[in-house]
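Participant: Throw the hints in and build the complete structure from the sequences for me.
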Amino acid sequence: MRYLPLTDADRSSMLNRIGVSSVDDLFVDVPATARFDGTFDLPDHMAEFEVEGHMSAIAGQNTTTADVPSFLGAGAYRHHIPASVDHLIQRGEFLTSYTPYQPEISQGTLQALFEFQSMVALITGMDVANASMYDGATSCAEAVLMARRVTRRNRALISGSVHPHYSAASETQAKYVDINIDICDPDIDGTEYLTELIDDETACVVVQNPGVFGHVRDLSPLAAVCQDKGALLIVVVTEAVSLGAMQSPGEMGADVVVAEGQSIGNPQGFGGPYVGLFAAREKYVRQMPGRLCGETTDVDGKRGWVLTLSTREQHIRREKATSNICTNAGLCALAFTIHLSLLGENGFRDLAMLNHARASQLADRLAGVDGVEVLPEAFFNEFAVRLSKPAGDVVDRLAARDVLAGVPAARLYGAGRELDNILLIAASEQTTPEDMEALVSALSEELS
Amino acid sequence: MSHSRDLSRSAAAVGSGTTDTVHGHQGLQLEEPLLFEIDNPGAIGVDLPDPGDFTPRLGGVARQGEIGLPCVSEPEVVRHFTRLSQKNYAIDMGTYPLGSCTMKHNPRLNEKMVRLPGFANAHPMQPESTVQGAFKLIDGVAHWLKELTGMPAIAMSPAAGAHGELCGVMAIRAALDDREGGPTTRRRILVPDSAHGTNPATAAVCGFSVDAIPSDARGRVDVKAFAEKLDDDVAGIMITNPNTCGLFEPDMIEIAELIHDAGGYFYCDGANFNAIVGRVRPGDLGIDCMHINLHKTFSTPHGGGGPGAGPVVLSDALAPFAPVPWVVHGDEGFSLVEHADDAGDAKPFGRLKGFHGQMGMFVRAYAYMLSHGRDGLRQVANDAVLNANYVMSCLSDVMTPAFEGPCMHECLFDDRFLKDTGVSTLDFAKAMLDEGYHPMTMYFPLVVHGAMLIEPTETESKRGLDEFIAVMRALVERAKAGDSDAFMAAPMMTPRRRLDETAAARQPILRWSPDIPTAEAAE
Amino acid sequence: MADRKYTEDHEWVEVDGETGVIGISDYAQEQLGDVVFVELPDVGKILDQRDEAAVIESVKAAAEVYTPVSGEVIEVNEELNNDPSLVNSDAHGEGWFAKLQLSDPTELDALMDEATYKTFVESLS
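Protein chains in written order, with the numbering used here: chain A, 1 to 448; chain B, 1 to 523; chain C, 1 to 125.
Hints were generated in silico from the structure; no laboratory data involved.
Everything numeric in this text was worked out from a predicted model, so none of it was measured.
Built from N, CA and C at the ideal position, the CB exists for glycine as well.
Incorrect hints may have been included.
[Claimed, not checked] In the EDC-like style, the derived pairs of lysine to aspartate or glutamate whose C-alpha atoms are separated by at most 20 Å in a straight line are:
#, chain 1, residue 1, chain 2, residue 2
1, B, K229, B, E254
2, C, K99, C, E79
3, B, K146, B, D316
4, B, K146, A, D44
5, A, K175, B, D178
6, B, K229, B, D251
7, B, K112, A, E48
8, A, K283, C, D83
9, A, K229, A, D182
10, A, K175, B, E180
11, B, K224, A, D29
12, A, K283, C, E78
13, A, K302, B, D500
14, A, K302, B, E31
[To be verified] Some residues of chain C that are not near chain B, with every Cβ distance over 10 Å (derived):
#, residue
15, Q31
16, V43
17, G44
18, L47
19, T106
[Claimed, not checked] Chain C is nowhere near these chain B residues, computed Cβ spacing over 12 Å in every case:
#, residue
20, Q26
21, N40
22, P49
23, D50
24, P75
25, G140
26, R279
27, H329
28, L336
29, T400
30, E404
31, D427
32, I516
33, A519
Facilitator: Structural data, given as structure tokens:
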């Protein structure tokens, strides 16, 4: 077995040293009734090329966004990842190291995390960011819990602009800890008005920008109301690239920003692993969930980094921890950091505008198709359209024609929400004129 | 210790007699500033095409001012992160005996498989007909995990071990609420005092209070003390098996019967499944749920702290409450249940994250499973346990094992052997850094004084173990010889020496700004 | 002279008329190590004896501070927000946590005086 260094000779000399005759003697604590002596319904080991052949065949059964024109988004986006990103994250020193609990021999991971936190704080317009969370949806859920700790109120208001996976994850996480969550109806038209729903019991208002149906809004008026009522404004961003083109949530008055960072440096990968961004105003830093990396000096006075404020975490606070989470998404956060380093100030903004341009060009083309109504007036790289036919059927028929047309809203929300004809369509820097033409012509034929 | 500070430093600056080099580099140990400090406005690491004509539609909220990101070219970025990487220890470099973390070799085939375009470029919301391969893979991993654990059902979406715990305890809560027709009146979860800190934290976020069960003198759950705590206020028990002392809990079956008779459920923390995979099916012990850290037993890389994956196997009693989504196999191939309304008789407690789970981890774990096969996985457990017992038996004459008898995949020492040396567990660990080893887990589990928990894993060779053992024995000898000052000064030769964690926590600097101390100013 | 009383959890209260100042003992700060943060109660909060009055964090540990006496919080030591090390350097003085308006001064009778506490601490080592 190629991954197991011990030879039979090694094993017998080691058993000899231990003073037992067989490895079974080391399992004496396992009661006889608990030992498994049957046969698993599983294959025996395979050669590397056999595994490769087997798995390539499975992968080959998928038709993916790289094979055919794709307009899928809704929280996961197809962006180009520079070759150096994937090369660097596969360096063994990054890939095969543990959480940096021994800072003297983990300065690489720690400094990269410090750079990650710095970049996340900058693009969200916040003071501080943590070292990442599982994904955007879990970041959102953690933000709701944090709002309760900060405000000591137990009502959370979730806007109809928020991705339903995010509101569902928040609702689930809050289910057993005495938080009442109100989730507003899907805000298809971007006309939702939340002000009257915010009162002195509201711990937080969660709103997504751009919204799940694509609408881009100025959140400043909402932020002012939240501040007035003492509620935290939590802004969700599911497409991190949008932060390069739009005013940051911080500039609009957000207290907490939670985002999905997949778009930068991480493949779509059928949904994970992704990287949750979590940023907040400085005054909330000790209430934040997750790991934090901070600057300090070593005994020689040299600058270095450590995990800090860890007393908030579960391994010390146990049942009083701010969260039960103990991992971040280290390698995905590293990919995010490297990609954003390559982009830099200008590349990030240019990439964002290129995305916006492609979406705007696509919207112009779709506006000319009978049976398609583009809903948002202002959007970033994704927008909802209302079709003259059920979106799920149209998507299936277009898939058969090798076009991945987008995400039907009913897929996200479930049936029975009067969303059957709504389709979410996203573009990115990789969307070509030919892709647009394929979508426009296929849609024209299916809807006629 | 033989390495004094002066010796190590003077080697880096021949003739000068000082530790200084021009830029602070010391041979191959290269200092590297923050990316923000090599910012060169105008430089860029990507080339993008011109967008062409378009109508801007950003409403009134187009970004105006500078963001403040650094500008750096690709060669500089590659060099920056390469240099940073060289400041890390890693499994690829050497033994990483971090108890309870299972730092085993990460096969590169797994990395190659996850990058197959059919997996990497699949969008989670594609029409089901276009991603049958993805579902087949998830279903395949689920089948392996159910077979190996002897459990009938599985929830695949949890993103890590702690998330899996959350999933399991939420399922327990939902099952109790369902049985009692409203919020359960049961308030307590029993947790051994040797448990991972996540166990009590998880119980708390599910609305339960935690009641600690003491360990007995053998490092196991005190069954008598446990039985005395049972009443109709108990919702369940969370036990790690093998436990955090590296010992199998021999009374699991009795504990399961007792908790079930009391009307509660049995959560098993599967963090240490590596010790028993292929030899013991936790389902045969009577548990109701167990999370499996794919990043431990199934060798998906730890990546400097995630991402992981924590699927949870479930008993028939808890299966109906599993969170959405899950894959089903019908006449027309695979499909996905994503909403409670489509779940038939099941009563999912909710949704834990976006989309369908840590697919990239499933792919890697599947490659690992196929590579080992059922025969190889049993050998994994055998060799992991053999290696740990070998280390224990080669060190137990100079160090002090916390408990008698064979251990499972990790061996636990306390700090009695350091008594009167002036050397603490922490100092001992820091001295290991200079010897080129990542230390073992320290001060955990909490039930053992000055704990040192060593988990070699099955991917260490005998030669590697013998070297490790020799180093440990030499360090013990030095400590006993009264060289405590050298231990307290360690490490001397790492990229950084001991760092001031107090200063970091009192005045936290959590991000770059032009005002933070630079490397030069810090010195 | 004000009267200082101690609990077995190493909190102290120093009473002056109907108000009492609370803190932790020098022994407690030594056990905790370098204090990095103190979470203080809100002014106006009503605490029963043994309620959690503050949370104190060191690099490696967090500990709850329970009030030795019942009362309303009328003042907290804001200085600790800027300099939590005061708990280490002067636990019995500048490292105080909060001032309470006592609601039941008879609670003091059950607490240890300086000499008794000293004996108690010696018995721990």
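Participant: Going by Cβ atoms, does Q31 of chain C stay more than 10 Å from chain B at every point?
Facilitator: At about 15 Å from chain B, Q31 of chain C clears the 10 Å cut-off, so the statement holds.
Participant: Taking 20 Å as the top limit, are the C-alpha atoms of K302 of chain A and E31 of chain B close enough?
Facilitator: The hint holds at about 10 Å.
Participant: For the pair we were handed, K302 of chain A and D500 of chain B, check the Cα-Cα distance against 20 Å.
Facilitator: holds (10 Å)
Participant: Is K175 of chain A within 20 Å of E180 of chain B, Cα to Cα?
Facilitator: holds (17 Å)
Participant: Checking one constraint from the list: CA of K112 of chain B to CA of E48 of chain A, max 20 Å. Satisfied?
Facilitator: With a Cα-Cα distance of about 11 Å, the restraint between K112 of chain B and E48 of chain A holds, given a limit of 20 Å.
Participant: Are K229 of chain A and D182 of chain A close enough, with their CA atoms no more than 20 Å apart?
Facilitator: Between K229 of chain A and D182 of chain A the Cα gap is close to 17 Å, so the pair holds against 20 Å.
Participant: Looking at E404 of chain B again, its CB stays over 12 Å from all of chain C?
Facilitator: Check passes; 30 Å lies beyond 12 Å.
Participant: Taking the closest pair, is the beta carbon of N40 of chain B still more than 12 Å from chain C?
Facilitator: Holds, because the least Cβ-Cβ distance between N40 of chain B and chain C comes to about 37 Å, which exceeds 12 Å.
Participant: Over 12 Å from every CB of chain C: does L336 of chain B meet that, or does the non-interface label fail?
Facilitator: Non-interface label stands for L336 of chain B: nearest chain C Cβ at 42 Å, farther than 12 Å.
Participant: Verify this label for me: D427 of chain B is non-interface relative to chain C, using a Cβ-Cβ cutoff of 12 Å.
Facilitator: The claim holds: D427 of chain B sits with its nearest Cβ about 15 Å from chain C, beyond 12 Å.
Participant: Regarding the pair K229 of chain B and E254 of chain B, is the alpha-carbon distance no greater than 20 Å?
Facilitator: Roughly 15 Å separates the two Cα atoms, so the pair holds.
Participant: Would the pair K175 of chain A and D178 of chain B pass a check requiring their Cα atoms to be no farther apart than 20 Å?
Facilitator: holds (14 Å)
Consistency note: the structure conflicts with none of the earlier hints.
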